[in-house]
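Here the protein sequences line up with chains C and D, keeping their order. First residue of the first sequence: 219, per the numbering used here; consecutive thereafter. First residue of the second sequence: 7, per the numbering used here; consecutive thereafter.
One should not assume that every hint holds.
[What the hints assert, rightly or not] Rough simulated footprint, nothing fancy, chain C against chain D, three-plus residues with beta-carbon under 8 Å:
#: 1; stretch: 58-67
#: 2; stretch: 138-152
#: 3; stretch: 163-174
#: 4; stretch: 206-218
#: 5; stretch: 329-340
It should be emphasised that the hints constitute simulated quantities derived from the structure, not laboratory data. Everything numeric in this text was worked out from a predicted model, so none of it was measured. C-beta atoms are modelled at their ideal positions from N, C-alpha and C, and glycine is treated no differently.
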Amino acid sequence: MRELTYLEALNEALSSAMERSNDVFLLGEDIGAYGGAFGVTKGLLQEFGADRVIDTPISEAAIVGAALGASLLGMKPVAEIMYMDFLPISMDQLVTHAAKLYYMSGGQLKAGLVLRTQYSLGRAHGAQHSEFLPAWFLQAPGLKVVAPSTPHDAKGLLNASLKEKGPVLFVECAMLYKSKGDVPEGYYEVPLGKADVKRQGGDMTIVAISRMVPEALAAAERLAEKGIDAEVIDPRTIQPLDRKTIIDSVSKTGRLLIASDDMKTGGVGAEIAATVFEEAFDRLKAPLSRVCSPDLPIPFASPLEKEYMPSSEKVEKAALELAKW
Amino acid sequence: MNDIVTVGTTTPTELKGLGIPDEKLKSILRKMVLARRFEEKVEELYLKMALITGPCHLYLGMEAIAAGAAEALTVDDYVLATYRGHGHAVTRDAPLDKVFAELMGRVDGTCKGLGGSMHAATWTEKKLMLATAIVGSNIPIAAGMGLAVKKKGLDAVVVAYFGDGAVNSGSFNEGVNLAAVWKVPAIFVCENNQYAMSLPEARGVASKSIAERAAAYDIPTFVADGNDPVSVYRAMKEARGICRRGDGPCFIEARTYRMKGHGIYDKADYRPSDEVREWAGKDPIAMFSKLLVDQKVLSEKEYGDMRSTIDNEIEAAVKKARASPYPEFSTLQGMVYPE
Ligand SMILES: Cc1ncc(C[n+]2csc(CCOP(=O)(O)OP(=O)(O)O)c2C)c(N)n1
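With these hints in hand, go ahead and build the complete structure from the sequences.
Put into structure tokens, the structure is as follows:
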């Protein structure tokens, strides 16, 4: 199989979706000649023209609102919001409108748009350009939230997102754009709401999100050398969350560690923890453990940011503690 | 709609008749050179020495705006900058070593190293009230700050800088409208360098001009030559006067060009090369220094001395900044909620 980067896999999914259907079009800031702030849409303007790869002004509310409008007439817009930190500007269109329209209209309206964005934690981008905010969108029923960790999943999940009839928030990770992995040539989907067991193990369950998946896998290899066999689960979609795969794994291992780049308080990890407490409390052999970002705005200076961030080393350390129970 | 007042490019014959003291003109030139040399140093520290990291947006080519405007303001006026704010910081006399230290993430930086390049122009001692990385977001903030200035009866105006791209944000429209309805002393300065990252003004702004869009809010609107500091200075003086009479807010569109890419790594190949060449021929510092020397405001020798003094100041500031350590992680928790 060929290896592609996470970024190339996304580009391929977009370009083949545009080939398959004229209803698919892209809109966002600097996605045309510039190729997207991170290069994900590179070449697509040349291939599909300015009618289908639309550079927009800096108007986040209008980008999402316009995508929503076009989706109501059956088109399939893929909007890009350059940094996840700029999503709050379009929150009204995304959460108050797109997410609820199907429900509020008694099933008449379908907002089948895909909203791509990325988070840049780990690149010294400072407190207004680094945030990972998935939990903000968990209280928006109707909105699905996707966070791929591998090139394979990035392409398959984007393909599946493009088939959704409702809105999908697709969160990429800038630190993963250059990561490589096997990606099938043809069309395939990775279904939304289905977790992937990235590593089998019997001693503890590590549920890792986005960038923390490769970090957790690296930690698991080192843990294995120390005789601890960790299972690593990547939910891949945060909403809907594949609770069953997590519960099944915890039932087997009796220990849970959650690793995610978002902040601890009210984060994705809190939701996963509550789920396991509700449904598998009796199978836990130890208190669960979370490796996430502290409740602080992200510091700018690289050494501080490094200290701030969850990492493979922090996962390993927490896992060693957990294994003592 | 309010008339749009164009403040033309200063002609050599005009200069003396404007009654601007020579000392003021020299100070403007000094600020322009300072902003230029500062950014050239930043480029070196970033690309060659890797002492600066993260996003970094240079002010090269736009010096006439910050320098001209700064000279028309008082120390009591408030300034709100953006991620392209180094030029605003140094022309507003923020300590050079502190701005450099901020770019390096050091504890002695303007924001204790917690902001970085995009927020380095925050230095409240000089009433640099914030530098934002979210395009357009300082505009409504200026409206509210203007309201406070008015309510408190302060002798000050609030100046918000932003680019041509920012006028397409909801924040621009909401913020300018609110300031206009409230008649607060805020001056909105659009530094129109003609590109929002890769998007040319013509493909982002549907109105005939940005000034027209502002004038539609029925506020006094000026168009200045953004490569001529005297033009900017005069527009700003005028606007400040209007604001202080209680007739504000005002809007200034200053057209200019950024010499390089959007950020330090942007090659900017989306710009036509003849356009880049044309604007390179309009270097604001080359033009203004020539004007001042030709008009005998200062001699070649004085100009040379000015530049070497600035070079020395920059070197000393870098040295001091480099000696500053990173902040301690353990102190961050105490920074989240104000005491
Ligand atoms: C709300 C928001 N959207 C997008 C961006 C990404 N971005 C940063 S600067 C920029 C271009 C801004 O152009 P302009 O307002 O003309 O100012 P200039 O950079 O030219 O000074 C963009 C798109 C951002 N920082 N904030």
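Hints, one by one, checked against the model:
no. : hint    : verdict
1   : 58-67   : holds (count 3)
2   : 138-152 : holds (count 5)
3   : 163-174 : holds (count 3)
4   : 206-218 : holds (count 3)
5   : 329-340 : holds (count 5)
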